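So the protein lines, in turn, are chains A and B. Numbered per this note's numbering, the first sequence finishes at 473, counting up by one with no gaps. Numbered per this note's numbering, the second sequence finishes at 742, counting up by one with no gaps.
Calculated directly from the structure, the hints in this document are not laboratory data. Source: prediction; values computed, not measured. Just so you know, nobody snuck in bad clues.
List of simulated lysine to any residue pairs, SDA-like, C-alpha gap at most 25 Å:
hint : chain 1 : residue 1 : chain 2 : residue 2
1    : B       : 551       : A       : 417
2    : A       : 386       : B       : 527
3    : B       : 554       : A       : 431
4    : B       : 624       : B       : 647
5    : A       : 404       : B       : 618
6    : B       : 728       : B       : 483
7    : B       : 551       : A       : 416
8    : B       : 624       : B       : 563
9    : B       : 624       : A       : 442
10   : B       : 686       : B       : 603
11   : B       : 624       : A       : 443
12   : B       : 624       : A       : 431
13   : B       : 551       : A       : 465
14   : B       : 554       : A       : 438
15   : B       : 495       : B       : 485
16   : B       : 551       : B       : 574
17   : B       : 624       : A       : 433
18   : B       : 624       : A       : 446
19   : B       : 671       : B       : 593
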Amino acid sequence: MSSGATETVAALDFTPTAVTLVEVLSVLANQDELATIDEVRQDEALRREALATYEALPAPGARPHRGWKYDYANLSFDELRWTSGSVMMATMPKRPVHRLDAEDSGADEIDRPALATENAGGLFFFGATYVDAPSNVDPRVTVLPLTATTVRANEGILNGGHTHSILHEIVDWRADKFAALATAFQNCGAFVYVPDGVQIDAPVQLVFANSEAQDDAVFPHVVVVLGKNARATVIERHVGDGDPFVCGIVEAHAGEGAQLDYVVVQQAGEAARVIFSRGARAERDAQVRWHLAELGGALVRTVLGVRLEAPGSRAEASALFFNTGLQHVDLTSGVDHLVGPTTSDTVVRSAATDRGQGRYIGNIVIRPKAHGSDASLRDDALLLSKHAHIDSVPALEIAANDVKAFHGATVGSLDEDALFYAGSRGIARNAALRMITLGFFEPVIARFPGEALRDEVRTALDRKLDDATEIDV
Amino acid sequence: MPTRGLIARDLRVAVENNEILKGIDLTVEPGRVHALMGPNGSGKSTLAFTLAGHPGYQVLGGSATLDGEDLLALPPDKRAKAGLFLSFQYPAAIPGVSVANFLRTARMSVRPEDLNPAKFRKLVFDKLDTLDMDPAFLGRYVNDGFSGGEKKRLEMLQLAILAPKYAVLDETDSGLDIDALQSVGNSVNALRESDEGKDIGFLVITHYPRILKHVPADVVHILIDGRIVKTGGPELADEIERDGYDGVREEVAFKAAMDEFVVAKAPIV
Ligand SMILES: Nc1ncnc2c1ncn2[C@@H]1O[C@H](COP(=O)(O)OP(=O)(O)OP(=O)(O)O)[C@@H](O)[C@H]1O
Ligand SMILES: [Mg+2]
Chain A
1 MSSGATETVA
11 ALDFTPTAVT
21 LVEVLSVLAN
31 QDELATIDEV
41 RQDEALRREA
51 LATYEALPAP
61 GARPHRGWKY
71 DYANLSFDEL
81 RWTSGSVMMA
91 TMPKRPVHRL
101 DAEDSGADEI
111 DRPALATENA
121 GGLFFFGATY
131 VDAPSNVDPR
141 VTVLPLTATT
151 VRANEGILNG
161 GHTHSILHEI
171 VDWRADKFAA
181 LATAFQNCGA
191 FVYVPDGVQI
201 DAPVQLVFAN
211 SEAQDDAVFP
221 HVVVVLGKNA
231 RATVIERHVG
241 DGDPFVCGIV
251 EAHAGEGAQL
261 DYVVVQQAGE
271 AARVIFSRGA
281 RAERDAQVRW
291 HLAELGGALV
301 RTVLGVRLEA
311 PGSRAEASAL
321 FFNTGLQHVD
331 LTSGVDHLVG
341 PTTSDTVVRS
351 AATDRGQGRY
361 IGNIVIRPKA
371 HGSDASLRDD
381 ALLLSKHAHI
391 DSVPALEIAA
401 NDVKAFHGAT
411 VGSLDEDALF
421 YAGSRGIARN
431 AALRMITLGF
441 FEPVIARFPG
451 EALRDEVRTA
461 LDRKLDDATE
471 IDV
Chain B
474 MPTRGLIARD
484 LRVAVENNEI
494 LKGIDLTVEP
504 GRVHALMGPN
514 GSGKSTLAFT
524 LAGHPGYQVL
534 GGSATLDGED
544 LLALPPDKRA
554 KAGLFLSFQY
564 PAAIPGVSVA
574 NFLRTARMSV
584 RPEDLNPAKF
594 RKLVFDKLDT
604 LDMDPAFLGR
614 YVNDGFSGGE
624 KKRLEMLQLA
634 ILAPKYAVLD
644 ETDSGLDIDA
654 LQSVGNSVNA
664 LRESDEGKDI
674 GFLVITHYPR
684 ILKHVPADVV
694 HILIDGRIVK
704 TGGPELADEI
714 ERDGYDGVRE
724 EVAFKAAMDE
734 FVVAKAPIV
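Same shape as in the complex, but just chain A:
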């Protein structure tokens, strides 16, 4: 099905040191006016532990993930620019908002999708810097940069107000190398809180932008908490033509009966590296729906998880990527059915052309107590050129009786019969190819919330087809 699957495994060459961390911390300490000594110490201890964890954990690319190459994506940590303006720590109180002069920052050059449109509100980050922008978030909803002040003011919600604590607990950074890195160097972030019973229609948007002038190291930490029966859509966007290194964490908590749609539209610059660990927890009768479109970046790695912790909870994961040029996308999704009955439905569509490389690992775990659960995992890959390659590694682990689990996977190339059929209707080969390829993604796109968003993804895919140099096999 593909060639070029050499076994050279080159790990990312990250060499952050305790010294780097101390430098970062000292930059931050100088800016830190109101953090208590305790907060500073706690923060520093956490970061040191996280850095040690990062160093101790093996790099992906090593076994058991053979065949995955990061050699186009080597990165030396020392290259990253650390500027005080781009660093904002959890321990920075009082003035969480950096008002940047738009001209200085170049922020006005960024096409700010939708923050100004669609009646959406949210936060805008330029590099790691929060840029204050007019926003019309529903007043019942809290949307703040994640700072020490924010954490302090929302202590009850973040650290145990609900049945479990949330901050640093939903994504297990102790077991995930990049989540540990993100924890050690976190320099921006967002906190979204939708209280009990509040249901909002307009999405909350978190925009991470970058320009060529500013190739940043961005370590975001996003925390989304939905109270009982709350309902919201959060859209995380990555835009801009810079080539940042982004390594972040997203933690989402859906309270009893809550419904969360969390959308990621990743259109970072073509040399960007974008690495995320995203996790969610669903309480009784809650629903968490992840929608991912990984479109930009040179190296993209996403780990996506949902823990179904109470009966009646449901997870949906819909993800697509389309690798052109030398893009690598590495996607892992996992649904953990801890109790039953719980349900999950995962749909992944991936395509690659040129020398694009992709890998998908889909995990479903149904624990002994998860009787009556129902899990479905479907992933299909489409290879459009001889040198493109996609691996698919599904894994179902079922420890309960009386469960339904479905899994299906395909890797294929374009359907010649469909191409001929379209041709016989006057549609030229090139146009037919485009139509069929876009159609291939449709089952995932159709699950994204809102026609505007769906059209945006379609348009972005269409543009990627324009850019692909080698298509047709």
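Dock chain B with the ligands against the given chain A, drawing on the hints supplied.
For chain B with the ligands alone, coordinates are given in the frame of chain A:
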């Protein structure tokens, strides 16, 4: 001025190096209906695919022209633009592409000049109505999960919307229930009565004369083993239904033997 018609001359075609069509001569004139019958595997679909330009069929010799234009030199989409339409025996599915989108794209490819969206919409709904099709079909993915009969109706919907110069219907009647057959007949006849459709030449590939009750054939051809062995009027279809192909085969064999006999005798005469 070149001869009008969908014309094959001594067309010889191989699939995977097996010669399937061994010299086809056929002329479908504008506005006329030709039926093509023949046993399974005789090469009917091969002829249809070859005319439409399927890349898997190698033309060994002969020609195929549409109103004088050399079809064999064109890729499939250009043949459609030249005015050819093929209704597939087994239409392919295109998952993720809605019927509405597909119809619009096809129509715009074949005839870029005309029809604003409102008119196009009206055209589609009219044709759906003639075919007794639920407009909900427009939102479904092309042939994806369609029943056999639904696929054939969708082929006829496309025929009506694209209104080509020549249409090859490859077993459009197979697998249709009585009502569906009636709808297909109505649709084809409505098209043939319209200004757009009155000059369409049809090549109707079929195993049964019943479709010809709805769409009467002017001429019937019998294809056996890659050759058109007999051509006649509509009564030929009934004859085939009654007697099968053995009668024709025997007749052909007899004629061949007679020819040989005549040839053998020739020097003496
Ligand atoms: N792709 C192919 N590979 C190999 N053989 C083929 C292929 N396509 C057609 N053939 C052969 O060519 C011959 C003619 O097939 P064709 O489909 O044209 O028959 P047909 O007359 O349409 O039959 P039916 O009435 O069953 O539809 C058959 O023997 C068939 O097996
Ligand atoms: Mg056939």
